[in-house]
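Undergrad: So the chains spell out like this:
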Amino acid sequence: MTPKSPIRMRGVSYAYGQGELRKAVLRDVDLDVAPGEIVLLTGPSGSGKTTLLTLVGALRALQEGAARVLDVDLAAADERARVALRRRIGFIFQNHNLLGFLTARQNVAMALELDRTADERARLARAGEMLARVGLAEHAEKRPAQLSGGQRQRVAVARALAGQPGLVLADEPTAALDKASGAEVVRLLREMAKERGAAILLVTHDPRILDMADRIVAMEDGRIVDNTVRITSA
Amino acid sequence: MNPPSETAPRAGGRALLAVRLAWRQLRFEKTRLASAIAGVMFACVLVFMQLGFRAALFDSATALPQAMRAELFLMHPMTTATFRPEPLPRARAWQALAAPAVANAVPIYLAQATWRNPADGTRRMIQLIGLDVEADAVALEGLSPLKNALKAPDTAAFDLRSRPEFGPVGDMFAANGPLEVQVGNRMIVVVGTVALGPSFGADGNLVTSETNFRRMVRERVASMTDLVALRLVPGADVAAVQRDLRAILPPDVLVLTHDELVAHERRYWETATPIGFIFGFGSLMGLIVGMVIVYQILFSDIAGHLREYATLKAMGYGQGYLNRVVLGAAGILAISGFVPGLGVSIVLYDFVGAGTFLPLKMEAGRAATVFAMIFAMCFGAGLLAMRKLRDANPADMF
Chain A
1 MTPKSPIRMR GVSYAYGQGE LRKAVLRDVD LDVAPGEIVL LTGPSGSGKT TLLTLVGALR
61 ALQEGAARVL DVDLAAADER ARVALRRRIG FIFQNHNLLG FLTARQNVAM ALELDRTADE
121 RARLARAGEM LARVGLAEHA EKRPAQLSGG QRQRVAVARA LAGQPGLVLA DEPTAALDKA
181 SGAEVVRLLR EMAKERGAAI LLVTHDPRIL DMADRIVAME DGRIVDNTVR ITSA
Chain B
1001 MNPPSETAPR AGGRALLAVR LAWRQLRFEK TRLASAIAGV MFACVLVFMQ LGFRAALFDS
1061 ATALPQAMRA ELFLMHPMTT ATFRPEPLPR ARAWQALAAP AVANAVPIYL AQATWRNPAD
1121 GTRRMIQLIG LDVEADAVAL EGLSPLKNAL KAPDTAAFDL RSRPEFGPVG DMFAANGPLE
1181 VQVGNRMIVV VGTVALGPSF GADGNLVTSE TNFRRMVRER VASMTDLVAL RLVPGADVAA
1241 VQRDLRAILP PDVLVLTHDE LVAHERRYWE TATPIGFIFG FGSLMGLIVG MVIVYQILFS
1301 DIAGHLREYA TLKAMGYGQG YLNRVVLGAA GILAISGFVP GLGVSIVLYD FVGAGTFLPL
1361 KMEAGRAATV FAMIFAMCFG AGLLAMRKLR DANPADMF
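Same order as they appear, the protein sequences are chains A and B. Here the working numbering is used: the first residue of the first sequence is 1, the next is one more, and so on. Here the working numbering is used: the first residue of the second sequence is 1001, the next is one more, and so on.
Wrong hints could be hidden among the right ones.
[To be verified] Stretch by stretch, here's where chain A covers chain B in the computed footprint (C-beta under 8 Å, at least three residues):
(1) 1025-1039
(2) 1277-1286
[What the hints assert, rightly or not] In silico DSS-like links for lysine-lysine, alpha-carbon gap of 30 Å or less:
(3) K194(A) x K4(A)
(4) K142(A) x K179(A)
(5) K1147(B) x K142(A)
(6) K23(A) x K1388(B)
(7) K1030(B) x K1361(B)
(8) K23(A) x K4(A)
These are calculated hints, taken from the structure and not from any lab test. Because the structure is a prediction, the values reported are computed rather than measured. Ideal Cβ placement from N, Cα and C applies to all residues, glycine included.
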């Protein structure tokens, strides 16, 4: 994995709208995430944590400040460079966002089709391994509609990690799940990221999963108000 | 948008992956796929029928000039089409013989006459073709063996491929031999059958000798004819002879080559009547309807899967890849609608051709043209639907 920090942001500000309607959502944010570190981002709605996540994920263009994600300078990155960067990041959404017309295995393989060093057989084999790792070996040929919510989110975890990303970004991955399946998804995510040395930046409101973090970052009104390093037992 | 440089060598493989994704998506919703294919098929059949009718019209309208076997023709400049000829002085035929390369000049007489159906007595206009049958100026299937029989007074050969309203003459002739039929105010003996086929200008044809033609069409001035076929000596330079004849003959006749005669007849149907336009317009309508259907299907597919498309963008798939997915779907619909459409059209050509006695035939060239049209139609619909992809914004996913 990359020896440098996967995320390094300095003085990042962001605002929506123009002129009179301009509304600042991020003010002068500094954030560092170390390789393999698991960081939870918490805070009330509108505190800017989701915007921060989309900036780190190269889904928006940077407006102000300096940011390096996986050694890419976001301030200098055009759309094409951002698309290329996104291929090296694993995304997990609040809703699983799997493609309904593909099987679980094909969904995971979609993350690998961007890597043109593997052929179709290797991609499907690798997708199968990823699904086995999240305990869905018997469900590989099912479509999302045939899986439970927790199973779908586990497929999404497998998809996010299949491409060996240096960084995983997750937005409320447990919001739609019950306690047991939510805990299972988070446990898998944490284990697999640690195995691969991938850092995780995870936005959540869910107090049930706070203990998975190496560090919890609290945001309010577009600023980071607390940057606590936790001592984990894991 | 192209994939980044390090992936460029495999871009062809990625296009295939995009098409495969499109196919998986289409296949998943079978009803929607079926209605899309039916829409493309409908457009395809419509265009095939329109173009088929148009070609059949022009083919059948020019069947008579096409059957002529001569290098040059004399025609009155005001003749618009052979079914409605303007007479020219028959003397022009003999004048043309002044050119040494003209071996033979054959006047051809054309008129419409009423034919009384020998089975039920109803009357209908039939195209009369009168000529010296010995001269071999018209190559009609079945005419040669009738040369002697047609020399007898009041005899004619009936076109077997005339519309059935003229009566089951072919069957009656096959069963009982020559039969009497009233043409104009005269009783004529049908002594044989030929094959020419009806056109939009004539529902049926009756071939007869020069003399018998005058017997049937009494009001005609004997010194006038309608078309003159000029047969040249072997090896003659057609263009040179045409130039010479133009110099010799007064300006009340046109000197046409065989191709020019056919083209003149064809041009009448193409320009002087709305028929060519009607079929062209019909084809266009079919394509527009097909395009709207395909656009609707592709658009609702994209609108219904915006989250999935946005997810793909978040995963690092570029706009170009998603565009290829939509165009791939359009291409799949084009092919899967065209193939059954072609099959249905071939069956319909047989069916409608038998019903209308028009020469409807599937030709490779027309199939290729229609495929290009259908493909362009689907591609256009894909380009329109693609605009909806811009609404798939991965930043809205969180």
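Undergrad: Looking back at the numbered hints, which does the structure fail to meet, lowest number first?
TA: The structure breaks hints 2, 5, 7 and 8; every other hint is satisfied.
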